[in-house]
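Participant: Sequence:
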Amino acid sequence: MTFITPGVASAGIKATGSVASALIGRYRPTGIPRLGSKEDRAQAYRRLLDASTHSFHYAYQFAHLQREAGRAAHKLLLGQVPQSWEISSELISALHGVRLCGSVHVIAAAETLVAATSDMELNEKSADRFQRQAQAVVTAQGTFLDACREDLAYTARWWQVLRRRKERRFLAEQAGR
Numbered sequence: 000m001t002f003i004t005p006g007v008a009s010a011g012i013k014a015t016g017s018v019a020s021a022l023i024g025r026y027r028p029t030g031i032p033r034l035g036s037k038e039d040r041a042q043a044y045r046r047l048l049d050a051s052t053h054s055f056h057y058a059y060q061f062a063h064l065q066r067e068a069g070r071a072a073h074k075l076l077l078g079q080v081p082q083s084w085e086i087s088s089e090l091i092s093a094l095h096g097v098r099l100c101g102s103v104h105v106i107a108a109a110e111t112l113v114a115a116t117s118d119m120e121l122n123e124k125s126a127d128r129f130q131r132q133a134q135a136v137v138t139a140q141g142t143f144l145d146a147c148r149e150d151l152a153y154t155a156r157w158w159q160v161l162r163r164r165k166e167r168r169f170l171a172e173q174a175g176r
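One point on numbering: in numbering that gives the first Met the number 0, the residue at position 72 of the sequence shown is 71, and numbering is uninterrupted.
Keep in mind that the hints are not guaranteed to be accurate.
[Said to hold, decoys possible] Have a look at the derived ranges for each label pair, beta carbon to beta carbon:
1) A126 x L170: 30 to 36 Å
2) S36 x D145: 33 to 39 Å
3) H95 x R163: 30 to 36 Å
4) K37 x E110: 17 to 23 Å
5) H95 x V160: 44 to 50 Å
Since the hints were made in silico from the structure, they are not lab data. C-beta atoms are modelled at their ideal positions from N, C-alpha and C, and glycine is treated no differently.
Please model the entire structure based on the sequences and the hints provided.
Facilitator: Listed below in structure tokens is the structure:
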């Protein structure tokens, strides 16, 4: 009969425990975002894009109604001020989400987008000036979206020769139309 000494038994338990803990530590269930993961960043970026689009739409609608209806719509517009605060808080909250898990260049683009969105003057009387403000928001959204695509590796990398060639061919066909 063979007896296992307590030292050998404890060494075996420790070895088994360390292997099991290593396997458990590497376990990453799919579909559950982790802070800073690609899924988590994509969700934060999407949230900021949605919030900025919602804020832009609200500001555009508010300013257009203000210019077109004038004083007749003033009471109606005053009733929507709390909604404006909710939209602004959602935009800032989404920015903080990007600051939490985004990369530096995406955070810079996000801050530019929020600044451009916040700079839209709801009481702007000049339609041309308001249109320039709206164009600045659209440009900032495009810049933010491009930074997000780059960060999430949705754009072709330099070593992906076939993918880049297909993209160039598609863009050339689009420009030729």
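Participant: If a hint holds in the structure, say so; if it doesn't, say that too.
Facilitator: We went through each hint and held it up to the structure:
1. A126 x L170: 30 to 36 Å: Since the Cβ atoms of A126 and L170 sit about 34 Å apart, the hinted range of 30 to 36 Å holds.
2. S36 x D145: 33 to 39 Å: violated, 21 Å
3. H95 x R163: 30 to 36 Å: holds, 35 Å
4. K37 x E110: 17 to 23 Å: Cβ of K37 to Cβ of E110: about 22 Å, so the range 17 to 23 Å holds.
5. H95 x V160: 44 to 50 Å: Violated: the Cβ-Cβ distance is about 39 Å, outside 44 to 50 Å.
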